[in-house]
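Peer 1: Spelled out, the chains give:
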Amino acid sequence: MNETPLLSVHGLGRSFGGLRAVDEVSFTVSPNSVRSIIGPNGAGKTTLLDLITGFTKPDSGTVEFAGRPISGLAPHKLPSLGLMRTFQSARLVPGLTVRENVMLGGYRFTRARLLSEGLRLPRTRREERSLVARADDLLRFLELERFADQDAADLPAGVQRLVEVARGLSGGPRLLLLDEPAAGLDDTETNELCDVLRAVCAGGISLVVIEHNIDLIMRLSHAVLVLDAGKAIADGTPAAVRENPAVIEAYLGAKA
Amino acid sequence: MTLSPADESVSPATGTGRFLPRRERNPTGDGRRTVTATIALAVAVVLPFLVPGITGLLVVAAIFFLVSLGLTLLMGHAGQVSLGQTLFMAIGGYGAGALTLSWHWPTTVSAIAAAALSGAVAFVLGRLFLRLRGYYFALATLGLAVATQSLASGWTGLTGGPSGMVAIPSLQLAGYTVFSDRANYFVLLVAGILAAAFMANVKRSQTGRVLTAIGHDPGAASMLGINTARYKTMAFVVSAVLASLGGSMYAFYLRFMSPEVLSVTVAFSIVIMLALGGARTLVGPLLGALIIQGLPIAGQSFALWEPLVAGLLLIVVMTYLPRGIWGTFTAYLRNAARRRDSH
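Taken in order, these protein sequences are the chains called E and Z.
Residues in the first sequence are numbered consecutively from 2, following this note's numbering.
Residues in the second sequence are numbered consecutively from 391, following this note's numbering.
All clues stand as given, with none of them false.
Computed Cβ-Cβ distance ranges for the label pairs, DEER-style:
no., chain 1, residue 1, chain 2, residue 2, range
1, Z, Arg729, E, Asn192, 26 to 36 angstroms
2, E, Gly43, Z, Ala721, 36 to 46 angstroms
3, Z, Ala721, E, Ala158, 18 to 28 angstroms
4, Z, Ala430, E, Asp150, 23 to 33 angstroms
5, Z, Thr709, E, Lys58, 34 to 44 angstroms
I should point out that these hints are in silico values taken from the structure, not numbers from a laboratory.
Cβ atoms here follow ideal geometry from the backbone N, Cα and C, with glycine treated the same way.
Just need the whole structure built from these sequences, with the hints factored in.
Peer 2: Take a look at the structure:
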């Protein structure tokens with residue numbers, strides 16, 4: 002995996018008040034790989050994703066995606082470059098069905114404009130049909146098809162998070178950032194998720210996964226970044242990170 | 391292959407083209423909807439013949455239905471309240487009036503030109519205002535309503551000042567002069583149905599979903615690639631075009647335009663109609679317009695108290711039925727159906 006990285010983060014940092022939430026963090030994501038980010042609660046994992054996606058403005062550092070600097074870009078410009086993310090607490094749209102939520106993920110493929118939609122011109126019908134087909138394929142792939150017609154807000158949190166994964170995938174990303182996709186899932190569901198994410202990666206989509214489930218991390222990741230109090234304290238293969246004394250003390254040790 | 395990475399050639403058009411399962415899963419629900427719509431249409435057609443005395447009121451209600459229907463995308467879906475719709479009614483009313491009176495343009499062309507101007511004004515204002523979040527947008531548009539009333543009285547050269555613009559011609563449609571209450575009513579009935587169908591189509595398409603997503607969580611929406619400012623501006627432009635057409639129809643019907651017709655109170659009442667009926671529904675603006683415009687006939691004696699009744703009604707509905715009357719009713723039906731399914 003010595004190719005040009007798909008994502009490279011250099012010295013990214015951000016303070017809130019006196020607190021250095023993310024402190025000079027650097028890492029890369031190789032094409033076709035799974036990069037995990039772990040660390041105790043409050044280590045700055047979600048803030049790191051927010052900084053990468055421009056959701057929060059960094060006060061230092063740069064981010065390059067596919068060889069192109071993306072720091073300072075408005076978040077809505079990222080999906081068309083091939084970068085999408087999910088949120089720690091699923092942020093689906095209540096009042097829309099699961100299928101409609103996933104169709105929203107394919108937003109960047111739609112060209113139809115208001116007039117065409119209001120008059121229901123063939124072009125809009127065609128687009129709607131293909132968005133539905135794409136959403137249904139993804140729901141089947143994630144074994145969520147039985148929820149397709151339900152209001153997204155009526156589902157358990159774990160299922161909502163999987164729907165968010167489907168929504169992220171429907172944008173056809175090259176890199177998908179997942180914030181705790183396994184939270185709220187039982188062991189069987191977590192195993193299924195692991196298989197799904199492997200298949201996603203095998204299909205050519207790289208992943209950045211924030212996760213607490215160490216077992217999942219170890220099975221899934223090619224590389225693991227460990228954060229503690231905003232700083233990167235380790236970066237390496239899952240096996241190497243697990244043996245790292247600093248990691249054992251900061252994270253695994255604290256948990257045992 | 392669904393899971394292929396970003397590649398512009400992998401457009402969703404390569405999907406397996408199956409037909410869209412309609413949003414209504416309940417097949418009897420579709421049938422019931424058709425029956426209800428047919429009955430409603432029949433009532434709407436015979437009403438001016440059965441109760442001729444209320445035709446004038448129905449005309450005004452239909453005009454305000456168009457105006458408040460225009461706001462449903464912006465207010466019901468994107469969650470932005472515009473208190474300034476009278477500006478666009480004024481552009482539609484005075485604009486169409488001036489174009490027909492001074493330049494002798496055909497009435498329909500004048501109305502369309504005024505609507506285009508309204509859309510352009512909304513586009514510019516939208517880019518300025520929609521960067522404002524939450525209630526700042528509402529306050530900025532309230533400013534528009536105040537300015538509109540003041541300009542309508544003060545810009546005498548264009549508007550005729552406080553005494554108004556008089557002798558505006560009636561609408562000419564295919565060589566026919568739409569003069570009587572009844573003729574105006576039927577023109578507006580057709581216009582209302584067309585506008586409602588247009589909005590219904592937009593609501594169930596990507597733009598409708600996108601605006602719903604923006605109203606619920608603009609941050610998450612932007613992460614899906616949605617330019618929230620662009621969509622809110624578009625919804626504002628739609629609201630302006632419909633308000634302008636409503637304003638033009640108002641001018642052709644009254645054959646007169648004056649500052650009172652477009653007062654700040656009227657600007658409020660448009661938002662009240664939508665909130666009362668249900669901002670996210672299509673029937674909501676109709677109900678709201680009928681209730682607010684119908685209040686005066688509930689009793690001539692209480693004409694003085696009418697704003698009080700409207701105010702109290704709004705307080706009660708917003709406190710106990712925040713989705714509006716029709717929104718609450720349809721949500722109740724949906725829940726009942728869901729309970730039936732689960733048994």
